[in-house]
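Chains as they are written, first to last, in my numbering: chain A, 1 to 422; chain B, 1001 to 1520.
It should be emphasised that the hints constitute simulated quantities derived from the structure, not laboratory data. Computed from a prediction, not measured in an experiment: that's the story for all the values here. All residues carry an ideal CB built from backbone N, CA and C; glycine is no exception. There's no promise every hint is true.
[Unchecked claim] A few chain A residues that don't get close to chain B, going by computed Cβ distances all over 12 Å:
hint: 1; residue: N87
hint: 2; residue: A251
hint: 3; residue: D388
[Unchecked claim] Going by beta-carbon spacing under 10 Å, a handful of chain B positions derived as facing chain A:
hint: 4; residue: E1242
hint: 5; residue: V1256
hint: 6; residue: A1260
hint: 7; residue: T1410
hint: 8; residue: V1446
hint: 9; residue: A1487
hint: 10; residue: L1503
hint: 11; residue: D1506
hint: 12; residue: A1514
Spelled out from the first residue to the last, the chains are:
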Amino acid sequence: MTHAPRFEFDRRRFLGTSAAGAAAAIATQAWLPRVSWAGTAGTSRDTIVIVFLRGGSDGLTMCAPYADLNLYTLRPTLAIQPPGNPNGALDLDGFFGFAPAMAPLMPAYQAGNLAVVHATGLMDPSRSHFDMQRLMEFGVSSATSGGISTGWAGRTMQTIAPAGSGLLRGMAIENSVSRSLAGGPACVAVPDPANFALAGQANTALGRRAALTTMHTAEPFPLGTAGLNAFATIDLLATIDFVNYVPANGAVYPTTSFGRKLESAAALIKADLGIEFIEADLGGWDQHNQLGPITGTMANLMDELARGLAAFHSDLSDVAGTLGRVTVVCMSEFGRRAQENGSAGTDHGHGNCLLVLGGHVAGGQVISSWPTLAPASLDSGDLAITIDYRDILAEILTDRAACTSLATVFPGFVPTDRGITT
Amino acid sequence: MHDLEDRPVREDSASSTASAVELEGTGSRRGLLASGIGMAAVLAGFARRSAAQGAQPAGPHARAARSLAGVPRFLVDRITNGWSPATIEHAEALGYAAYLEEQLNPDAIAEDANLLAALAALPTLTLTSKQLYDQYVAVNQTAVVVNELKTATILRGMYSTGQLRERMVEFWSDHFSVDHSDGQVQWLKTAEDRDVIRPNALGNFHDLVRADARSAAMLYYLDNYRNFASAPNENYARELMELHTLGVGQYTETDVRELARILSGWQYRPQANAIHGAFFFNPAQHDNGAKTFLGVPFPANGGEAEGLLALDMLAAHPATAEFVSRKLLRWLLTYNPPQPVVDSVARVFRNSGGDIPSVLRAIFDVDLVAAIPAASLPKLKRPFHYMCSLVRACAPTITQPIRYVNELTTMGHRPFGWPAPNGYPESLEVWGQSVLPRWTFATRFVDGAIQGTSVNVSQLFGSTPKSALAQRANQILGGALDPEDVAAVQAYADSVVLLNDTLRRDVLELSAQAPSFQYV
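Turn these sequences into a full structure, and let the hints steer you where they fit.
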């Protein structure tokens, strides 16, 4: 589905001709784009939002397998207690339960919009943050990584037609384009979407822009592409009044960098610019000491994550049904070692949980082929991986992002359907 | 940096075609030739543009880098944070080899007097960790400690006469990265920078590894201070091998656990202690059992000495020589050092026992540089380098250097601000895909929007006529610009009616935003 750009689109005219309730209600929002694409409503392609939890998040705390009693042997001081106990888990399915700090996500889970996948990850043996982030963002195992330096989302975009104008297909709300997006056409890093404009005096901006455009048109990758993408992005973002953006349903985002990223992402998605991938990361999960699963660093991070995603869920559950064209994937490079370490923290581990949120997610369930935490089942002391994370991505890309070239996106990998989408 | 992609990201076919057309020579390039801009400069432009295509084979135009080994300008580009009239004059007076030697021995040259005066106004730089804790941290003034170190780093990068030392301090600060915002690192980093990184930046790698392993900032950041016999914490042990010495893939998970045991009980004095931050070995927390590390048996009761032995094994390991040599080559010469070049530098690394000046001499050996394809020599300046290069070229008045901390933060390069132990990436892809923050910095810098900074464009441009503004701006910036970029800037100047400081500022700012000024 391609859409011809309509730069001349006039908001007054739009209001005049579109009396229909939902559209008009949205159009009266002051932050709405002054430029829009015709006919994007009802697109079957989702915006995929990637939330990478950098540092190796502790999936055994986030979504505790409280019914696997080995957990309490391995983690005598850190384990989340079973539901019903003080600071006990929030039951999800009679076996797994969220840590108390994840409570803000219970409504999304109960509404069937949030699924947890457990004992997942990349089956590579490495316990290095940097190796595993690189491999997971590139979407390859070390055995299939040869020569690949593009990301799974980037390769997806290489193989499919743009969802919108093609001027802005991927955005990392980060200081640099993330590796997941690497290689994708029209991908930009926008640290703060509300402040992305050519600096300097307005009366010389056109001329300066012309000079910069000339210089960057002649320039090869990466600066040339980056310069031209910057202008395309400046133009598109200028149509959105982020400052006056009002989340739907009274959603309140955390007043943190991560919260602002998600709020910007929601505004971008509602503006319907045809953005296919957005990355908004949350780091700080490398908790080798004083994990603090109930009160402490881990609890605070989970709270920030959960409140952020919950606000995003609520905000997108608007009258236009925006949630129906969004899928969020929240993952980390690895989980933590099953056994707690001597510093009331955890060292680098292996299997982890992964969260998927969206309007077409088979939510309200924990998808897992639980390997157990029994000593013989552990992988070098860590939770084993029974579901390759690419199974989940492959299904989302196929069902929600019109991807038809999984062999290109995940070379050398044959995914198994895990029923994550509806 | 092994953590980031080693190969440039494939460019999409559309932009590849566009640049190929450009390289064939356009009307504007012919026009430039006719207007008398020298062939060397044009060739330099070709080289940079071809090189930036990375994975593509060197085309017919990939003939030369901007400057070559043997030419002092090459060193100015590679071992300083940027060209300035005084720097190039000095380098050319000494010649290639003597200038390198001078920079390898920075203690023998006089430091910039203005820099010394500016540093003297930052009292926390010379205090002990105990003093910092008592006088600042305990009274909620931690931010002063943090900001003064960042400011000092920026000032030294801009103004120190020992520019190579500053480049190496930046390198080692990333190699042994500690997150300056993390807990006690906020004040322990000051001593680590002063007593560990700076004195050893041009010293011996073994000393650096040993000193870093005992520095409070690292002990805290990677948790080795709480790595106990009864309660091991393997965070530091792993990163010591993966990031500081061997490189990933050169050790087993068992080695990680054994090294953690070997280094258990390595601690530093806490805040209440008069020598807060000082290293000490705590035998009560040391694992006295026998260990096997990298295949070598460590008998029981090895004490502190077994840790020192393990550090020496790591520093002297051939994999370390190769890993660090490749990283240094990436830092100073090329994103893709050919394996024979890595091997020859690694040999010097091993044979010299990790003597950093010997390694740097090997890297800047004229024959070695000549063995690297000219098209793969150009390197993108990281934001810190970019910022310093603009300051060094324009010689502004700066009364509030602390303002540059925020400027760097906006460009994603806050000093010591990388949140992971692998340090800021050294990668064309990571830094090259985000240009707007650089443009914004250039505009703010030239326009005087950074508080306390003023660039005197009247003086810089003098009586330059409007028709030569872009050429003059290129001179101010050390002749770094491609002719195409100069032409585009001049076209802008031609389109403006009035010659005044506003136009001069716009021309300087556009020149600083030019793609060619982002590279060395």
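Tested hints:
no.: 1; hint: N87; verdict: holds (23 Å)
no.: 2; hint: A251; verdict: holds (28 Å)
no.: 3; hint: D388; verdict: holds (21 Å)
no.: 4; hint: E1242; verdict: holds (6 Å)
no.: 5; hint: V1256; verdict: holds (8 Å)
no.: 6; hint: A1260; verdict: holds (9 Å)
no.: 7; hint: T1410; verdict: holds (8 Å)
no.: 8; hint: V1446; verdict: holds (9 Å)
no.: 9; hint: A1487; verdict: holds (8 Å)
no.: 10; hint: L1503; verdict: holds (9 Å)
no.: 11; hint: D1506; verdict: holds (6 Å)
no.: 12; hint: A1514; verdict: holds (5 Å)
In this structure, none of the earlier numbered hints is contradicted; all agree with it.
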